[in-house]
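Peer 1: Residue numbers (my numbering), protein chains in the order written: chain A, 894 to 1178; chain B, 49 to 310.
Everything labelled a hint here was simulated from the structure, so no lab data went into it.
Nothing here was measured: the structure is a model prediction, and the numbers come from that model.
Possibly wrong hints are sitting among the right ones.
[As the list claims (entries may be wrong)] Subject to a maximum C-alpha distance of 20 Å in a straight line, what follows is the list of computed SDA-like cross-link-like pairs (lysine to any residue):
1) Lys133(B) - Arg1073(A)
2) Lys64(B) - Ile1076(A)
3) Lys64(B) - Asp1077(A)
4) Lys64(B) - Leu1075(A)
5) Lys237(B) - Phe178(B)
6) Lys133(B) - Ser91(B)
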Amino acid sequence: MTEIAARPETPAPAKDGADDEVFLVDPSIRARRRENILVAVVRVAIAVVGLLAWEFASGRIISEFWISSPSAVWAALVRFVENGQLMPAVQATVVETAVGFVVGAVAGMLVGLVFGISPLVARILDPYFTALNSIPRVALIPLFILWFGIGFETKVVFAATLVFFPVMLNTFAGARDVDRDLIDVIRVMGATRLDAVRRIFVPSALVWVFAGLRMSVPFALIGAVIAEMFTSNAGLGYLISISANQYDTGGSFAALLVTTVLGLLLTFVVSVLERRALRWRPAVD
Amino acid sequence: MSPILEYRDVSKVFFKGKTQVHALSHVTAEVGDGELLAIVGPSGCGKSTLLNLTAGLMQPGTGEVCYRGRPVDGVNTHVSYVTQKDNLLPWRTVAENVALPLGLGGRRMSKAERAERVAHYVRMVGLEGFEEHYPSELSGGMRKRAQLARSLVYEPDVLLMDEPFGALDAQLKLVLQAELLRTWEGTGKTLVFVTHDLTEAISLADRVIVMSARPGRIRAVEHIDLPRPRDVFGIRFAPGFGDYFDRLWSALRADLHQGQEI
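Taking the hints into account, I'd like the entire structure generated from these sequences.
Peer 2: Now the structure itself:
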C-alpha cells in the first residue's frame, strides 16, 4: 500500500528509511533518544533513592512502628501470599471494582447520551444531577449498608456511584460537542434519527467517553476499597484496615501497594481498549 | 427542459446568535434537469442559504422552493450536498465513509453490491489504494475526492456543491475542476455549484447566476455557450470567455466592497 502523510514526529518507519544515513546521524534524532534515556534513568533513580532513604530513616530517624520499612513491607507481602490472605482479597476487590465500573459507566453513558441528544431533558434535570453530584459520596455508605447489606452489592453500588458522574458528564460533553454539520450532511443522505445517533453521536462522543472512563477507573477502585473498609469482611480495603487495627504498618503498606498496582493495571487495560477504539485519531506524541 | 428545482420569490431571514441576517430577498430562479448552474456572489450573499433551502435544512421565510414541482417541506433526500468543509467522519476509513450513505435510512443493498459500488466511485475519484486510510491521513485534495465519491455513491439526481474547492491551492483546484467535469459530463445529473470564483463558474457552468451582497438578490444571469467537453486548463483562453467574464464581472463588482467583512 502506498505510504502517505508520514507524520513528522514519527521519524523513519524502518521499512523505507532506516538505511538512510540521515536517520542515524541527524542531531534531532540523537537529541530525542538522549531525552528518552534521561527520563527512564531519572525515574528509576527517584524510586531507588526514595526506597533507600525510607529504609535508612526507618528505625534511625523515625520509629519503624510508624513508617515500617521497604524490607518489612516486602516481608508482610510475602506473609500475605503464604498464608493465603492476598489472592482472595485481590480477587474480591477486582470483581467489585470491575462490576461497579461497568454498572456506573453504562448508566453514565446512557444518561449522558440522552442529555446530549435532547438539550431539553438536560435543562430540566440539570439541578437534580448537580445536587446528587455534590453529595459527599462516603456519607451514603451507611444507607447503602442498610439497603444492600454488607456484602458484594454495597461495594458495587458505591463504586458505581463514583464512576457514574465523570462518565456521564464526559459523555454529555462529547454528545454536545458533536459537529452539527455532520448531522445535517447525513440527514440529506437520508439518515433517520436513529442513524444519526448510531453513526454520528456515539462514535463522535467516544473520544470524550473514553477520557471519562480512564479517569474513573481509579474511582471504581477507590469506591470498592472504601466500601470494604466500612463493611469489613473481604478485599484489599479490609486487609488495609485490619492490618492498621493490629498496628501492623508493614501489612497496611503492603496491601496499599497491591491496591496501587491494581489501579495502574486497570487504567492500563482501559487505555489499551481506548487506543484500539480510537485508532482513527492522528497520533498525538 | 423542465425545471427540476424552482425558487419562487424566496426570501429568508435567520438568526446568527442574536443578530438577524437578511440572507435572501425575492429570489426567483429555475434549474433545468441535467443543467450545471453556477451561482456567484460576494462572501455572505446568501449563496449557501440557497443551497440549505434546496436541501430542506432550512425553510424559506416567504416564497417557495420546489423540487420536481413539489414544495420542499422537509429534508430533501433526493439531493446530495457537498459542503465547504469535507465533513468526512474521522473515525471511518475512506471506504467506510464512501459506503456511509448506502447504509442509511433503510437503504438495503447486498454486501457485494455495496462493495462494488464503493469500489467504482473510489476509482472514479482516483483514490484506489487509499480505501483503508483514515481522513486524518489524507491531504486536503484527497479528502475532497473522498467527499465527492461519498456524495455520488448513492446516485442522487441533484448535486449541490458549496464552494467545494474554495480552500484548495490553485493547481489542485484546476485538477479537481477537470475531474468534476469529466465525472459530470454525460451523466445527466443536475449540478448546482456555488463559488466566489468567476473563472471557475464560467469554466464549468451552462449558466451563471450572479447574486448581490446581502440581502442576496439575483443581479445577472448569463448562458455560457462554450462547447463541451471542456478543458478547464485552456478554456479561459477560448474565444468568448473574456466577454462572459467582463459582463459578469461588471455585475459582480458593484457589491464587492459590501459583503466582505462578514
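Peer 1: Run every hint past the structure and note whether it holds.
Peer 2: Outcome of the hint check:
1. At most 20 Å may separate the alpha-carbon atoms for a hinted pair to count; Lys133(B) and Arg1073(A) meet this at roughly 12 Å.
2. Restraint check for Lys64(B) and Ile1076(A): the C-alpha separation of about 19 Å stays at or below 20 Å, so the hint holds.
3. Simply put, Lys64(B) and Asp1077(A) have alpha-carbon atoms about 17 Å apart, close enough for the 20 Å limit, and the pair holds.
4. A distance of roughly 19 Å separates the Cα atoms of Lys64(B) and Leu1075(A); the hinted pair therefore holds under the 20 Å criterion.
5. At roughly 27 Å between alpha-carbon atoms, Lys237(B) and Phe178(B) are farther apart than 20 Å, so this suggested pair is violated.
6. Between Lys133(B) and Ser91(B) the CA atoms are separated by roughly 16 Å; this keeps the pair inside 20 Å, and the hint holds.
Of the numbered hints given earlier, the model fails hint 5 alone.
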